[in-house]
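**Q** So the chains spell out like this:
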Amino acid sequence: MTNLTPTTEPSVADADEALAATAREEGRKPRAGWRAMLPSMTPSLVIGFGIVAAIVLFGLLGPLFVQDPTTVRNSGLQPPGDGHLLGTTQTGQDVLAQLAFATRGSLEIGLIVGVLATLLSAFFGVLGAYLGGFADEAFSLFSNVMLVIPGLPLVIVISGFVPQEQRGLWTIAVVLAITGWAASARVLRAQTLSLRNRDYVAASRVAGERSWRVIAVEILPNLLPVIASQFVFAVIFAILSEAGLAFLGLGASNSSTLGTMLFYAQNGFALQLKAWWWFVPPGLIIALLGCGLSLINFSIDEIINPKLRNVRAHAKRMRIARKAAAR
Amino acid sequence: MSYFVRKLGFYLVALWAALTLNFLIPRLMPGNPVDVLLAKLQQRGGIVDAATRRSYELLLGGGTDEPIWVQYGNYLVNLAKGDLGIAVSVFPTPVSEVIGQALPWTIALVGIATILSFILGVGLGAIVGWKPGTWLDSLVPATTLLAAVPYFWLALILVLIISSTWQLLPGMGGYDVVLSPGWNTEFILSAIEYGTLPALTIVLSSIGGWLLGMRNMMVSTLSEDYILTAQAKGLRNSRILGGYAARNAALPSIAGFAISLGFVVSGSIITEQVFSYPGIGSKLLQAVQNSDYALMQGIFLVITLAVLGANLLVDLLYGIIDPRTRARS
Chain A
1 MTNLTPTTEP
11 SVADADEALA
21 ATAREEGRKP
31 RAGWRAMLPS
41 MTPSLVIGFG
51 IVAAIVLFGL
61 LGPLFVQDPT
71 TVRNSGLQPP
81 GDGHLLGTTQ
91 TGQDVLAQLA
101 FATRGSLEIG
111 LIVGVLATLL
121 SAFFGVLGAY
131 LGGFADEAFS
141 LFSNVMLVIP
151 GLPLVIVISG
161 FVPQEQRGLW
171 TIAVVLAITG
181 WAASARVLRA
191 QTLSLRNRDY
201 VAASRVAGER
211 SWRVIAVEIL
221 PNLLPVIASQ
231 FVFAVIFAIL
241 SEAGLAFLGL
251 GASNSSTLGT
261 MLFYAQNGFA
271 LQLKAWWWFV
281 PPGLIIALLG
291 CGLSLINFSI
301 DEIINPKLRN
311 VRAHAKRMRI
321 ARKAAAR
Chain B
1 MSYFVRKLGF
11 YLVALWAALT
21 LNFLIPRLMP
31 GNPVDVLLAK
41 LQQRGGIVDA
51 ATRRSYELLL
61 GGGTDEPIWV
71 QYGNYLVNLA
81 KGDLGIAVSV
91 FPTPVSEVIG
101 QALPWTIALV
111 GIATILSFIL
121 GVGLGAIVGW
131 KPGTWLDSLV
141 PATTLLAAVP
151 YFWLALILVL
161 IISSTWQLLP
171 GMGGYDVVLS
181 PGWNTEFILS
191 AIEYGTLPAL
201 TIVLSSIGGW
211 LLGMRNMMVS
221 TLSEDYILTA
231 QAKGLRNSRI
241 LGGYAARNAA
251 LPSIAGFAIS
261 LGFVVSGSII
271 TEQVFSYPGI
281 GSKLLQAVQN
291 SDYALMQGIF
301 LVITLAVLGA
311 NLLVDLLYGI
321 IDPRTRARS
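Sequence lines, in order, name chains A and B. If you're matching positions, the first sequence starts at 1 in the numbering used here and goes up one per residue. If you're matching positions, the second sequence starts at 1 in the numbering used here and goes up one per residue.
Don't read these hints as lab results, they were simulated from the structure. Wrong hints could be hidden among the right ones.
Claimed, not checked - Cross-link-like lysine-lysine pairs, in silico, DSS-like; alpha carbons within 25 Å at most:
no.: 1; chain 1: B; residue 1: K233; chain 2: A; residue 2: K323
no.: 2; chain 1: B; residue 1: K131; chain 2: B; residue 2: K233
no.: 3; chain 1: B; residue 1: K131; chain 2: A; residue 2: K316
Said to hold, decoys possible - The following label-pair restraints were derived from C-beta to C-beta distances:
no.: 4; chain 1: A; residue 1: P306; chain 2: B; residue 2: D35; range: 51 to 61 Å
no.: 5; chain 1: B; residue 1: P104; chain 2: A; residue 2: K274; range: 32 to 42 Å
no.: 6; chain 1: B; residue 1: N237; chain 2: A; residue 2: I304; range: 45 to 55 Å
Stated by the list, open to error - Just some of the chain A residues that point at chain B, by a computed CB distance under 8 Å:
no.: 7; residue: V148
no.: 8; residue: I149
no.: 9; residue: P150
no.: 10; residue: G151
no.: 11; residue: I156
no.: 12; residue: F161
no.: 13; residue: V162
no.: 14; residue: R196
no.: 15; residue: I236
no.: 16; residue: L250
no.: 17; residue: I286
no.: 18; residue: A287
no.: 19; residue: L295
no.: 20; residue: I304
no.: 21; residue: L308
The structure presented is a predicted model; accordingly, all values stated were derived computationally and were not measured. Just so it is clear, CB atoms sit at the ideal spot from N, CA and C, and this is done for glycine as well.
Start from the sequences and build out the full structure, keeping to the hints where you can.
**A** Written out as structure tokens, the structure is:
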């Protein structure tokens, strides 16, 4: 790492004034307040958004164009080729068709759990921290306990006790939401604790605003980036956990997700038969979706933690300066 | 000292919550274990009458007319004695014995893999965060792909490539089956050989989280005044990195151990299924598939206990490493 910058240079991370000054010199207007709430267009955001959009479109529209995923043919375990773009399963079902329906199922679960878990975490995190005192102690103890109890074993045990015929999509979603909200509640609590002592919150309280209004109008808008990032995390968590559960044969009955596809692939000895086209695509979609959502989260993180944004702005400035020097 | 008392108190509450959850789940869920087992027996051509039903009820410990708090009391007393019931799937072995056989495998595998990935992730994160905005930094998003990969899928891919195609490492089981388990060199070497691939899976998929968290903390820590002071004193960069920046930046990673450990344990449970590893995860699945409810609950309790214990240990260590936590409470 041969870097010519002097080692005594202060870090770029908190150079707010310097960045603002250069922006002023270059004649750019500072970003408007509401613009600071939106993620800036970074390559990671564009890539992440592109991946997620492509997968969502595939899940939404794909099922309309593909063949029937359940049709059994006598051309089992065909490698990708004519007629079947992604080959066939052991019983001759079209993998691409299954993939389209499975993607839709996984997205559905992710969305439901994401919403439920975010609601739960907002309730326990924000309300407890705002009320303070005993409520805060109790809520925070509750979420910390939920946090240290390992989620997946709990989900496995609960799913094991629910009979197969009653194990629907919503049952799985509720169980996943119950085990997945605690971490975000802790993050939200920490943020709310710092917000509730701000002057403008105190002012609205002194002005006699009701509690719900202070929370909804003064606190929640400032929590939006955090909530958005926690929502994205919850969706990733839900899709991964559901895939794991379904892979173990404990998923929602009569639903098709990427996890159930992997379950059938594993039980159909796809691995031993080296039928990679059967089990690689579902996992790849999960991985890409998770990666895309994380990339989106990076951009949201930059809103929450301006130091990260300054680093990027600094790097960009250096790049431009280097280009100008080279010219 | 009150920091340690508080922590101990918290983990006691968490332990009690886990025990109570474990007690309540079978009583709140819609299914009746006895019915499920009897249906299975009937499928296999067994005769089901009132006597069989009664004996199953006795075996599973349910079906009593005692009030619920008496049942709860009995449950706690039995637990204190270490009695987790009888595993129906391997009748008449007690649950504690089944768990005792499987537990060392999982603890060794998950323990070693977690420590490895923690050290590697935090170390790499410190180096990447030291010079934010360089080409090394742009590699960070790539690790999120690894973090988003489901553990078991990565395991499938590794088995396909390393084990089936290249035939470098075995991809099934925990040791060479011709050997008998024991503390001899041959067996331990075989266990290490068979454990490498599962451990690699866990390390690869959990390293991204550590790396990213450490990198972000490094960026924040580098702007602190004490770093500037250290630089002004003319200390070597390596000294500032190791002794000043990384040491402080690693604290949240250690504090966040609780959340990560839960994820790692969850992921490795499913990974064990792929490798047919003789650990606690495979046993849990066997229990679920055979409707062995006592074994399921026992394993859940043991996993929870292990995770709580590991977290308590980390928390107590944290109190020693970072004196501020003790002062605050």
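**Q** Honestly, which of those hints from before does the structure not fit?
**A** 1, 6, 14 and 20
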